[in-house]
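Undergrad: Residue numbers (the working numbering), protein chains in the order written: chain A, 1 to 254; chain B, 1 to 225.
Any given hint could be a false lead.
To be verified - When the alpha-carbon atoms are kept at most 27 angstroms apart in a straight line, the in silico DSSO-like pairs for lysine-lysine are as follows:
1. LYS137/B - LYS119/A
2. LYS81/B - LYS119/A
3. LYS164/B - LYS137/B
4. LYS79/A - LYS48/B
Honestly, the hints are just simulated from the structure, not real lab data.
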Amino acid sequence: MDIKNLEKETNEGVESLPSDERRSFLKMGLAVTGVFLGGTVLSLTSVSTAKGGNSDSVVPVEGQYPYTKHYGMIMRQNKCVDCEKCLDACRETNHVPKGHGAWRTDIQERLTTIDGIEKREFRPILCNHCNRPPCVRVCPTKATYKDPETGIVVMDYKKCIGCKTCMAACPYNARYFSHDKYAIDKCNFCLDTRLAEGHKDTACAAACPADVRIFGDIKDTSTEIYQLLHEPDNKIWVIRPECGALPNVFYMNA
Amino acid sequence: MNSNFFTTVGATLLVSTVLLAGNTLASDDYDVKAFGPKSPIVWNTPVKVIFEHRTHTDEIGLECNACHGEIFAMQRGVAPKTGKLTMAALADGQFCGACHDGDTAFASDTNCTACHVVPDDPIIWTKPVKAVVFYHKVHTEEYGLECDSCHNEAFTMKVGAAEKSSNFTMKALYDGQYCGKCHDGDTAFASNTLCNTCHIGAKGYDRLMGVDPHAAAQGVDNGGH
Numbered sequence: 001m002d003i004k005n006l007e008k009e010t011n012e013g014v015e016s017l018p019s020d021e022r023r024s025f026l027k028m029g030l031a032v033t034g035v036f037l038g039g040t041v042l043s044l045t046s047v048s049t050a051k052g053g054n055s056d057s058v059v060p061v062e063g064q065y066p067y068t069k070h071y072g073m074i075m076r077q078n079k080c081v082d083c084e085k086c087l088d089a090c091r092e093t094n095h096v097p098k099g100h101g102a103w104r105t106d107i108q109e110r111l112t113t114i115d116g117i118e119k120r121e122f123r124p125i126l127c128n129h130c131n132r133p134p135c136v137r138v139c140p141t142k143a144t145y146k147d148p149e150t151g152i153v154v155m156d157y158k159k160c161i162g163c164k165t166c167m168a169a170c171p172y173n174a175r176y177f178s179h180d181k182y183a184i185d186k187c188n189f190c191l192d193t194r195l196a197e198g199h200k201d202t203a204c205a206a207a208c209p210a211d212v213r214i215f216g217d218i219k220d221t222s223t224e225i226y227q228l229l230h231e232p233d234n235k236i237w238v239i240r241p242e243c244g245a246l247p248n249v250f251y252m253n254a
Numbered sequence: 001m002n003s004n005f006f007t008t009v010g011a012t013l014l015v016s017t018v019l020l021a022g023n024t025l026a027s028d029d030y031d032v033k034a035f036g037p038k039s040p041i042v043w044n045t046p047v048k049v050i051f052e053h054r055t056h057t058d059e060i061g062l063e064c065n066a067c068h069g070e071i072f073a074m075q076r077g078v079a080p081k082t083g084k085l086t087m088a089a090l091a092d093g094q095f096c097g098a099c100h101d102g103d104t105a106f107a108s109d110t111n112c113t114a115c116h117v118v119p120d121d122p123i124i125w126t127k128p129v130k131a132v133v134f135y136h137k138v139h140t141e142e143y144g145l146e147c148d149s150c151h152n153e154a155f156t157m158k159v160g161a162a163e164k165s166s167n168f169t170m171k172a173l174y175d176g177q178y179c180g181k182c183h184d185g186d187t188a189f190a191s192n193t194l195c196n197t198c199h200i201g202a203k204g205y206d207r208l209m210g211v212d213p214h215a216a217a218q219g220v221d222n223g224g225h
């Protein structure tokens, strides 16, 4: 196109555009704006139907589990004595290096002194496998995603570019950069190391001598986790409910 | 100047005299040849035991050969090396038990803390789980327990004996063994409650042992961000 000549042309205006063409152009603009307003461009996760529960509970409501199997874990927190057998089992099973802030599961400790008597509380933590995972939303290469069959937040190490955006996005700090894999690594409920081989539980749950970690399909009414979650007397909570990620790791006192 | 000099010399002499007199008096006070070594004998095998020569010689009036001869060699460290210096042997009339039979002197199964020392440091068990802490002083001083309240059926006196047993579990405690003998919810808080009173965890263990905080190694502090 001759740009010099083009400048001399008069603007033909929109009046001469066929109405169909104009209409589809406007539609596209509205769609783009609407999508941004609705946030679905940012929420690359496909689980727009995911629910965390009714307004006053963090426990999922029956019939609102988006996955075929919907794996979760419930911690009977006050039974944890920080023996860390779970940590050792996890490291061994999933080849998690020691040090460098690398962990797939950890135990937090809170010390308080009341009337000169030291009190301690231990809280096991791991990836919460959220229904609305912020890490998945921010990943620029879709290297981390919700496994459509199990709801587990998994990593595709080959796609990961190590930008660590997911580490910053995770409300639970449950991700680390693995120098071995040269990618981000995280808990995947032992999907490849145990569940794929027919085990019914994760390495950490199997190693726990106090039955703190109860792993299972929260969709299956016969599982212990289902029963614990839906026992009316159990007070169930999650960590950081306010971030709206709808975690699938629950806590209670036994 | 002169008066100052004499004052100094005088003071020095006075102090030396007092010190010398003190030394002479002190050495007169305890006759090592008659009463045996002044400082107590401390055995560490099989467990820590303190023996005072002075109590037995100076205060009670025993002669050296009352014990040194058939019962104890005069040489240091012979008795523990035999491997036979146990409470069972004492009850059999050997070693201290020759006199400590309840007749001549208090029986060897009584008055434990006359010779034994209640450990200051906590007992820390790391098996079957890491880590459980036990303070002797809390139980003896605060709750006034006697040694044989526990060192009887519940626990042997030997270090690490409970840990070696495959039965040293919470299940056994619920069945009234070990700590569960008292920690049954009646005498003391039940062993299936207040877990973290005794279970200090791997982090508590590291802290007691002065190891770098475990949390740092695990990177709880948002490490890597």
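Undergrad: Check each numbered hint against the structure and report the violated ones by number, ascending.
TA: Hints 2, 4 not satisfied by this model.
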